[in-house]
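Residue numbers (our numbering), protein chains in the order written: chain A, 141 to 417; chain B, 560 to 1007; chain C, 9 to 277.
Hints may be right or wrong, so weigh each one.
Said to hold, decoys possible - Think about it this way: if two alpha-carbon atoms lie no more than 25 Å apart in a straight line, the pair counts; the simulated DMTMM-like pairs of lysine to aspartate or glutamate are:
(1) C:194 with C:177
(2) B:628 with C:220
(3) B:763 with B:748
(4) B:595 with B:630
(5) B:895 with C:61
(6) B:628 with C:65
The set of hints was computed from the structure by calculation and includes no laboratory data. Keep in mind that this is a model prediction, so the values were computed, not measured.
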Amino acid sequence: MAVACLYPVLSALRLGFYDWSMGTPWSSATYQGFDAFIRAFTDPAVWRSLYTTLVFAFVCVSAEMVLGIALALALEERKQKPLKGMMVFRTLFILPMMIAPIAVGLTWRYLFDAQFGLLNALVGLFGVEPIGWLANEHLAFTAIIIADIWQWTPFVFIMMIAALANMDTSVIEAAKIDGATWWQSVWLVKLPMIQNVIVITLLMRLIDAFRVLEVIYILTFGGPGDSTEILSLHIYKTAFISQRLGSAAAISVMLLMVVALLSWWALRLSNPLKDKE
Amino acid sequence: MQRRELIQSAVTTSALSVFGAALPFASSFAQDRFAKYRGSTVVMSIPAHPHYDAMLKLLPEFTKETGIKVEVDKLAVPRMKDKQLLEMAKAQGDYDLICYVVMWKGEYVKKDLIRELEPFFKNASLADPGYDMKDIVPGYLENMGLVGGPKGYLAGPGAKLYGLPYGAETSILAYRRDIFAEHNLKAPETYAQMQALLPILKQKTGFGAMTSRGQAGHQCVHAWLLHLNPLGGKVFDANWKPVFNSPQGIQALKFLKEISDSGPAGIPSYGQGEMMTAFLQGQASMYLDATVIFGPVNDPARSKIAGKVSYVAHPKGVRYSSQSGGLGLAIPKNAKNADAGFLLMQWLTSKAQDVAVCKLGGGPTRNSTMVNADLVRQYPEYITLKEQLKYSDPDWRPIIPEWDEINIQALGVAVSEALTGKKTAEEALNGMIPKVTDIMKRGGYLKS
Amino acid sequence: MKHRLHYAALIFLAIFCVLPIVVMFVTSLKLQTQIFNTGINFIFTPTLQNYRDVLNEGGFMRYLSNSLIVGLASTLITLALGCMAAYGLARFRFRGRNTVAYTTLLLRTVPLAVLAVPVFMIWNEAGIINSLSGLVLLYVAVNLPFTIWLLYGFIAQVPIELEEAALMDGCSPIQVFYKVVLPLIKPGLAAASIFTFRIAWNEFILALVLTDRATRTLPVAASLYITDIGVDWGRIMALGSLIAIPPLLFTFIAAQQIITGLTAGSVKG
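Start from the sequences and build out the full structure, keeping to the hints where you can.
Okay, here's the thing in structure tokens:
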């Protein structure tokens, strides 16, 4: 396992030290030392892309965590007062994650289309002129956030439901007997109990938000300008379009460092690896 | 005198009989061309494109005639390039024949991935004597297939043939005949006239005047180049210095913005598909872009405007200059069945098959195809196209290996920002000069 | 009253969830001109032409079986290796434990685009290029880190007293693993299987690079409908709808496990 996983990654990182483009034999790659890294760190486009990615990740992950946890709590298994239609709701909320990213990107592109999209049709009912959602920087950014929240909240939802199902209900019952309100039982009892899973979910979402590619590629291709060009898309363009795999690898290292930093911060809040008292 | 006549007639008769005898020999010789490869398989890499969809219908005929089987690997264009680069870099690749976009020719030759075609055409056992290379539209051939000449991509000393056009295109102006008649308007012949029409059409019809591409990256740059060239601008000067921020460049970009502002909503996010859809669904009165629109206009499943469209030449700015570009065929260096691949390539671009593919919805590659009586009845726009091709400019865009990067990551961002109004045309273009200069320096075109 | 607000919010969110999927499905029943009618139109004559075109497109059955094989194989192997590794991580203290854990986490951050080219070259050298097993191997490697972390979280929640009790009752460590721990983390296993299957089924760029015509998977086939001159909307929506069915089925089956997860008394008492 380690070999299959580690070796490609290491060789990908090694690319950062060479000037190589696809289609040429590896032997013709010229060693360029830290050139690519320096260029990546001083390129304003890369920093702009990083900033865009950070804002994107922050907004999406926060929204998804909150929504996901709220939905899981609302729909968790309840013996005493089962919510009507719970199965239906649960199924519906899982759906978005199952659709292939290509279809997700295209469907949202269609919905946001200025001429023929459903959104403008709805908005038109209120007499508003058709809005070029994807033609405006801020609206396009909002569009990719909406698409991501739509697609990934189910992930958080499933994790939370699984964690809640795994919980030791006797503690909750004890709390209720002690007179705790629903709010209190959530904040003070349930959430801390599934703390580990919450942190892992948060980490995963954070890492994945930095890796989103296909949906944004199809929705806006990074435009207008480079307002929606998140780092993974920038890396893709550098690697496959500009044929500068060395630079792409260098930027990926930068990405890795940023994510490592964020993960470390998240783990400081609650580290599942730490031994419990 | 009689003797001379006798000798003349004798010579003629003998010549005729030799020639006559040679005729069946020639055709059986032609059959022999394929004999050696009967039973082999050619693997072809093709894009998802209407011209190649039409071609697919011709392939069974090829197999019947020659006994060579064809397997196609169809992919979306950007994926096709990724896969081709990976395959062609291997010691022995999967593909015997590839379709490529004109912009890649410099890169492919520089990386030594495709073969020169001269040797194939000179090979008597492979070449088709009835091929008639001169019949292929010269503009297409030069643009699509020549590498190594002046500037690296034009005809001239040093230029060698590496590919044949198949699915090539130029730009043309399509407009709604009915709308123009209704409002008593004349089709524009110059850029000034076209510019004047934009606000008039928007106001009189209530919907977009002209549709256009606009999405960040390749799309918006393509749209900008459409206007840059007729207005007299260029991306680089003769010494490869970036001059796209010249007054002409700024003028072209401002004009593009006018089109965007008076066009259907959302142009800054339009790819080629959205642009065509807007026109085909009646959301715009004019279309100035690739000739690939010919087929879809008359397709009832895609178009609401069939029968209402007329075509004129791409208007004149300071000169006539229409797009040159599109798709072509080439043979990878590491192909297993290069000869059979060449036979297929030659067959597809031959006179008979060119007519056949056009009947099925493809685009013409040869002059003779465009004057074919049946086809002209099916596509009256071929008459305009033939005239237009005289002005198709092989130097329409700099086809250097670095173009992809400049196109998508540099100019593609600048043009898009000007279109959304984030920056003015001057700011956007001026701001991109340093980055492009840097790319050119890295490519060795400019000395530091 | 609070209940009704509860419901209203749920219904609103459910509509938001489902609307795009409904749009996707409805679009698959339309022809191009209908798709691009302005305004809202629910009344149109549906057509199955798109589905017919997609199913007749040569290799559909082949792509489907490729995707199924890759999806199921990756999921099973990843689960098997993952839960054992997670257990090891949770229960055994060994040197470098933290580094191993964190490295596996960081491995996931590498964008697949950057991974694609080296993987192509390495897999080519190893001779497993363009093969389904090569793709499965890669998916397992890519999904393992996440699965390990996920299952770790669940295992960590199992009170160690249970295992100690079982050991005292005479179970061997392996039996403890199989009979005590595994059943208790069933919801976690189900969640992990859903995610792994989803990735193996929907993944695009690595599949593009590592497969050829014969071993192509469905998402790569779907990208074919993005033609050079625009998107073939009706057909790609049809394929998208079809592709969505297996993961949905898989999720229903796996979700049952989560829902009927144990609440029955094994943790108490």
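Right, here's what the structure says about each hint:
no.: 1; hint: C:194 with C:177; verdict: 23 Å, holds
no.: 2; hint: B:628 with C:220; verdict: 18 Å, holds
no.: 3; hint: B:763 with B:748; verdict: 20 Å, holds
no.: 4; hint: B:595 with B:630; verdict: 19 Å, holds
no.: 5; hint: B:895 with C:61; verdict: 33 Å, violated
no.: 6; hint: B:628 with C:65; verdict: 19 Å, holds
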